[in-house]
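Protein chains in written order, with our numbering: chain A, 215 to 569; chain B, 16 to 380.
None of these hints come from the bench; they were simulated from the model. Quick caveat, the model's predicted, so the values are computed rather than measured. Heads up, some of the hints might be wrong.
[Claimed, not checked] Restricting the straight-line Cα-Cα distance to at most 25 Å, the calculated cross-link-like pairs of lysine to any residue (SDA-like) are: (1) A:K229 to A:R283; (2) A:K294 to B:P211; (3) B:K225 to A:T302; (4) A:K301 to A:M287; (5) B:K321 to A:R295.
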Amino acid sequence: MRRGLMGWDEAELPKSVLEARLKLLQDAMAHLGLEALILYTNLVRPAAVCWLTGFTPYWIESLLLVPARGRPMLATALSKRVADWIKTTAWLDEIVNTPRPGTAIGERIARLWRVGVLELDAMPAGLYDDIVAAAPKVQLLDDPGMFWLVRGSVDDAERRLIEKADALAAAALAQVDASATDAGTLAGLVEKHARLAGAEEAYIATAPDLDLDRRLIQVSGLVPLARRFAVRASIAYKGAWVRRTRSFARDPQGARAIASADAWLTELASSINARDPLAGQIGWKGPVLLRAAEVHSRGWMAESCKGSYPLEVVESSRSPSREGPPGTYLVLSVDLTVDDVPWLGAAPVFVRAST
Amino acid sequence: MIDDDRKQRLLAAMAEAGIDMLLVYGNAWQGDYLRYATDFSALEGQALALVRSDGHVTLYLDSPLEVDRAEIDCPDLEIVYAQNLIAEVDGALDRFRNQRIGSAPGRLIPRRLAARAKDLNLSDHTAFLDRLLMHKLDSEIAAMRRAAKLADDGYAVFREAARVGRADYELIAEIEAFFRANGVDHNFQIIGVGGPEVRGMAPPSGKKLKRGDMVTTELTPRVDGYYAQICRTLVVGESNAEQRKAHALWLESMEAGIAVVRDGVTAADIARAENDVFRAHGLGEYTTSEYTRVRGHGLGLFVDTKPHILEDVTTRIDAGMTLIVHPNTYHPVVGYMVLGDSLVVTKDGCEVVTATPRELFSVPV
Chain A
215 MRRGLMGWDE AELPKSVLEA RLKLLQDAMA HLGLEALILY TNLVRPAAVC WLTGFTPYWI
275 ESLLLVPARG RPMLATALSK RVADWIKTTA WLDEIVNTPR PGTAIGERIA RLWRVGVLEL
335 DAMPAGLYDD IVAAAPKVQL LDDPGMFWLV RGSVDDAERR LIEKADALAA AALAQVDASA
395 TDAGTLAGLV EKHARLAGAE EAYIATAPDL DLDRRLIQVS GLVPLARRFA VRASIAYKGA
455 WVRRTRSFAR DPQGARAIAS ADAWLTELAS SINARDPLAG QIGWKGPVLL RAAEVHSRGW
515 MAESCKGSYP LEVVESSRSP SREGPPGTYL VLSVDLTVDD VPWLGAAPVF VRAST
Chain B
16 MIDDDRKQRL LAAMAEAGID MLLVYGNAWQ GDYLRYATDF SALEGQALAL VRSDGHVTLY
76 LDSPLEVDRA EIDCPDLEIV YAQNLIAEVD GALDRFRNQR IGSAPGRLIP RRLAARAKDL
136 NLSDHTAFLD RLLMHKLDSE IAAMRRAAKL ADDGYAVFRE AARVGRADYE LIAEIEAFFR
196 ANGVDHNFQI IGVGGPEVRG MAPPSGKKLK RGDMVTTELT PRVDGYYAQI CRTLVVGESN
256 AEQRKAHALW LESMEAGIAV VRDGVTAADI ARAENDVFRA HGLGEYTTSE YTRVRGHGLG
316 LFVDTKPHIL EDVTTRIDAG MTLIVHPNTY HPVVGYMVLG DSLVVTKDGC EVVTATPREL
376 FSVPV
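With the rest of the complex left out, here is chain A:
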């Protein structure tokens, strides 16, 4: 569940921005002849509803109904005692608190013909059955590309929120000392720092011994840290998500290699352009910017927000695209070996326009 700071600050996310996003979506819906669009949200899949309203459920699930014209309606299984709280976290005019959000939405669309559902296949069966029972004649359909087309470019408000989330992640990871010996305590320290600074959510993962295993796991309790380890901070601030991963080493050879790779990632992250294939940009810049004797790339992954997930894989070294990067915001995670030193890094990337 979410248990960090949650709240809507109009200075950060102005109504005019939310109105502009709604208009973009409603224009796209009109283009497809949709009379309404249903968006699902829970704490794992909050991104689409959050983008339109600012709302993230800390618990249970909700549906947002976006009409062809006018403001959206939220039907939520959260009790009406928290309706006022919901309004402090989002711009929502109409909130229906009900144990059956699907029924509430179904009743609202019963007289329509064509209604879109983002990620229809993934809709929980209970909600779907309730919608269909209340609106048996409505055709429910999903156009996976529509939402992504509208949402693929981050606006200035979202960019500022991402930058804030990234600042929290970077500051939290700056607490890590390479001499740390216990992964659980370290994870707590990083998480605490992020939450004290206002993070809505903080998932901290650790690879306690990079030389042995590069996989990052959630650690709690006493787990010894080896001389080389890595920490990933996945941080949310007001619905904007970033990941940052940093590697650490106690030995001079490891520290040198890591510093070199960190500098490379910083440079790379600021230079990704929209025109060239991502694989080429990562591969081409590696040897030039990384002045190490030997560099092996073990893989990379780019995540972005396409629909209801805050971050999901959109491209990777396993399935590279021949086109430029998808969207204008990515989280890039890279796995390298630099002069025999294992290194993991991740950073947010704002893709530069290809002018």
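Could you slot chain B onto chain A? The hints should help.
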């Protein structure tokens, strides 16, 4: 090992129910069915698992980050990274068409899979798993006891952190750091800060503590998959007479509820005992859904598992269930107040596993 105990029990129950395979869904919100079947708790993305009657388990995950974690945490499972999770599992189910497949929790199974129920001989077995989730094995109860101990310790950290001028989210930050260092990988926690204007608890909103505020919290650490909960109220500075009077009523209500708990009663019996105390004090309306959600609930692999303690829930309470009894609700003079202890149901009564005193705490100004 809890996982081995659960797996043996699950396979035996599947055989008894005549199920060849179980399809289980889980995410970070509702992960208990998945955890029971796989010992994996999803954090990001969604997960589906296929449990065969021979004990082979395939866990499908749509996040590569989760795949890394599952491979390490659950080495006995077959882990599949499925970027298109539902299509992948849909295809996998095709290979088991001639088998009897149960699914749980039915309401959360993705629509595309649920729509093939007839075609795949897929039937909702949520109640089947609910029974296993509610009635705990000894090893499960032992894990819950460990969580209860950390809930007590966590509340001590919370009290220490609660000081004038600190924001609500800062208190939670302190607790989370303590929990990560002490083997708690997840915690469900909501909070309320203020006076009569506070009608419930929610995630932190940035409110800063000031003298006279009541600070309510429901703190629920997870240890080895199992949650235990503690509900307590503290006052910033000295409590006033109205607050103490209200707390005495909450205490009487909680103790009345706990006194009823034993093998063979119903959830309604417990709720009625709690609510009768409020009614006797002329506050019966504050036991309704206008002001409160439940008067307690089950605990286990889910924070808010069945049974819900309500006057209209007739679920039988059995020895081996784990519950929290909490008469949390609104008080018209002092605001929302909470008090709750976790317990294990026994043949003749219950064992309360929360050790924190049942006080209205005060923290110095």
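Structure-based check of each hint:
For a cut-off of 25 Å, the pair hint linking A:K229 to A:R283 stands: about 16 Å separates their Cα positions. Distance restraint check for A:K294 and B:P211: the Cα-Cα separation of roughly 18 Å lies within the 25 Å cut-off, and the hinted pair is therefore satisfied. Proposed proximity of B:K225 and A:T302 is supported: the alpha carbons are some 20 Å apart, at most 25 Å. For the given pair, A:K301 sits about 12 Å from A:M287 by alpha-carbon distance, which is consistent with the 25 Å threshold.
In summary, the hint linking B:K321 to A:R295 is supported, as the alpha carbons are separated by about 21 Å, within the 25 Å threshold.
Of the numbered hints given earlier, the model fails none.
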